[in-house]
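Visitor: Mind docking chain B on chain A? Use the hints.
Number of protein chains: 2
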Amino acid sequence: MAKDMTLLWCSGSVPCWRVMIALEEKNLQGYNQKLLSFEKMEHKSKEVLDINPRGQLPTFKHGDIIVNESYAACFYLESKFESQGTKLIPDSQTEQALMYQRMFEGLTFYEKLNAVIYYEWYVPEEERHDSALKRNKEALITELKLWEGYLQKVYSHLAGPSFTLADVVVFPTVATLFRFGLSAERYPKLGEYYNLLKERPSVKASWPPHWLENPKGQDTLKDI
Amino acid sequence: MAKDMTLLWCSGSVPCWRVMIALEEKNLQGYNQKLLSFEKMEHKSKEVLDINPRGQLPTFKHGDIIVNESYAACFYLESKFESQGTKLIPDSQTEQALMYQRMFEGLTFYEKLNAVIYYEWYVPEEERHDSALKRNKEALITELKLWEGYLQKVYSHLAGPSFTLADVVVFPTVATLFRFGLSAERYPKLGEYYNLLKERPSVKASWPPHWLENPKGQDTLKDI
Numbered sequence: 001m002a003k004d005m006t007l008l009w010c011s012g013s014v015p016c017w018r019v020m021i022a023l024e025e026k027n028l029q030g031y032n033q034k035l036l037s038f039e040k041m042e043h044k045s046k047e048v049l050d051i052n053p054r055g056q057l058p059t060f061k062h063g064d065i066i067v068n069e070s071y072a073a074c075f076y077l078e079s080k081f082e083s084q085g086t087k088l089i090p091d092s093q094t095e096q097a098l099m100y101q102r103m104f105e106g107l108t109f110y111e112k113l114n115a116v117i118y119y120e121w122y123v124p125e126e127e128r129h130d131s132a133l134k135r136n137k138e139a140l141i142t143e144l145k146l147w148e149g150y151l152q153k154v155y156s157h158l159a160g161p162s163f164t165l166a167d168v169v170v171f172p173t174v175a176t177l178f179r180f181g182l183s184a185e186r187y188p189k190l191g192e193y194y195n196l197l198k199e200r201p202s203v204k205a206s207w208p209p210h211w212l213e214n215p216k217g218q219d220t221l222k223d224i
Numbered sequence: 001m002a003k004d005m006t007l008l009w010c011s012g013s014v015p016c017w018r019v020m021i022a023l024e025e026k027n028l029q030g031y032n033q034k035l036l037s038f039e040k041m042e043h044k045s046k047e048v049l050d051i052n053p054r055g056q057l058p059t060f061k062h063g064d065i066i067v068n069e070s071y072a073a074c075f076y077l078e079s080k081f082e083s084q085g086t087k088l089i090p091d092s093q094t095e096q097a098l099m100y101q102r103m104f105e106g107l108t109f110y111e112k113l114n115a116v117i118y119y120e121w122y123v124p125e126e127e128r129h130d131s132a133l134k135r136n137k138e139a140l141i142t143e144l145k146l147w148e149g150y151l152q153k154v155y156s157h158l159a160g161p162s163f164t165l166a167d168v169v170v171f172p173t174v175a176t177l178f179r180f181g182l183s184a185e186r187y188p189k190l191g192e193y194y195n196l197l198k199e200r201p202s203v204k205a206s207w208p209p210h211w212l213e214n215p216k217g218q219d220t221l222k223d224i
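From first to last, the protein sequence lines are chains A and B. The first sequence: position 25 = 25 (full-length UniProt numbering), numbered continuously. The second sequence: position 10 = 10 (full-length UniProt numbering), numbered continuously.
Just so you know, the hints here were simulated from the structure itself, not pulled from any lab data. Where hints are given, some of them may not hold.
To be verified - Mimicking SDA-like on lysine to any residue, the simulated pairs with C-alpha atoms at most 20 Å apart in a straight line are: (1) K134/B x A132/A; (2) K112/B x N114/A; (3) K112/A x G55/B; (4) K145/A x G55/B; (5) K46/B x G149/A; (6) K112/A x N114/B; (7) K80/A x S92/B; (8) K112/B x R54/A; (9) K134/A x P124/B; (10) K134/A x E125/B; (11) K153/A x G160/B; (12) K80/A x K87/B; (13) K80/B x K145/A; (14) K112/A x E199/B; (15) K87/B x A2/B; (16) K145/B x P53/A; (17) K137/A x P53/B; (18) K153/A x K134/B; (19) K189/A x R128/A; (20) K134/A x Y119/B; (21) K153/A x I51/B; (22) K134/B x V14/A.
With the rest of the complex left out, here is chain A (with noise of 0.2 Å):
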């Protein structure tokens, strides 16, 4: 069933991360796939552009279908596998909420963290400021407290007590946190859900190659 199915990737991107963990839980593995290097800035080549115009990762087409964003690749996968593998969004209307409340609340987390993590990379050097990157610090600050508190209300996954589509898409930047230092002591509830998940395996089997090549991660975020 993958076999007309491609994707265009790189390591340790959030947004394809999203993607690969949903065709795991789909049951979609064996499609077609390339790993592509960011630094050689391979997501500008002629192979994305002719499929996705805006030059990033992921790139991704079953058949003649292109949906490159990955909120939308998610919601269009678990439209078209409905009963295939996992169910990733539960029939309850209350978890259903839930669910895309937090999925859209979690566009606003990944951009608070890519707001001090890649702030040197987003932000030219004659245009940096030292109160810009502690505002944006600060900011992660906030949201990091909010998704504590979530956590604190919720059995163990995003929505409730099963794994939905909010899970296939905050679980990556759960984990780039991590990565980047958080500490599990500071954001205890975080910690809790970064362990549970790592173990699933679609997320296993999705880790970012460079990740497993190279366990030690960057203390960016440390002191946050």
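Guide: Just chain B now, with coordinates in the frame of chain A:
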């Protein structure tokens, strides 16, 4: 039905408008609503914070269910009231895929617009750079050309012949572009799309009241 719903909103907010269009399309008129003032910081009032810890608008409640993120509320309303009013997710997998793709590209579109029209609001005076604003304008132009191209390939709406969730979430961005002076001569397909959708009953019913009071907008984007 809509008596058990409450929407706190402000006039001219793109995220608020999305939810209001969705409510109209699902025939959910008559909900409790309160127009708050962003200038008076009413989005940080206790009334909002009690429901929405982020202190943002829209803030939306249906019975005990809280769904504040605008995309989340639109998905929730379509799922909960699937057979009521306009069907906002098409059955065709191809249209659905395109709808999801455009919805999530719509977030980038909105972000690129904000980075230009609200640059001074987002960036403290001592951190502003002409080079940054120039780059933001170039990024918005690139984005506009992408959407102009997309609209050349579809019938009348963003995901095909029918009005879908993609239109619900992206139209308020397009309307804001024209409110801020975008040239329909330079972007004729966007202009056509704007003119078609602004006559739609759900859009007319939810048109920002301060735009009605003062029909002349700004010219911030006239040279874009």
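Visitor: Next step is simple, just say for each hint if it's right about the structure.
Guide: Cross-check of the supplied hints:
no., hint, in the structure
1, K134/B x A132/A, "holds, 19 Å"
2, K112/B x N114/A, "holds, 17 Å"
3, K112/A x G55/B, "holds, 16 Å"
4, K145/A x G55/B, "holds, 15 Å"
5, K46/B x G149/A, "holds, 19 Å"
6, K112/A x N114/B, "holds, 17 Å"
7, K80/A x S92/B, "holds, 10 Å"
8, K112/B x R54/A, "holds, 14 Å"
9, K134/A x P124/B, "holds, 13 Å"
10, K134/A x E125/B, "holds, 16 Å"
11, K153/A x G160/B, "violated, 41 Å"
12, K80/A x K87/B, "holds, 18 Å"
13, K80/B x K145/A, "violated, 30 Å"
14, K112/A x E199/B, "violated, 38 Å"
15, K87/B x A2/B, "holds, 18 Å"
16, K145/B x P53/A, "holds, 11 Å"
17, K137/A x P53/B, "holds, 19 Å"
18, K153/A x K134/B, "violated, 44 Å"
19, K189/A x R128/A, "violated, 33 Å"
20, K134/A x Y119/B, "holds, 19 Å"
21, K153/A x I51/B, "holds, 15 Å"
22, K134/B x V14/A, "violated, 28 Å"
Consistency with the previously given hints fails for numbers 11, 13, 14, 18, 19 and 22, ordered from lowest to highest.
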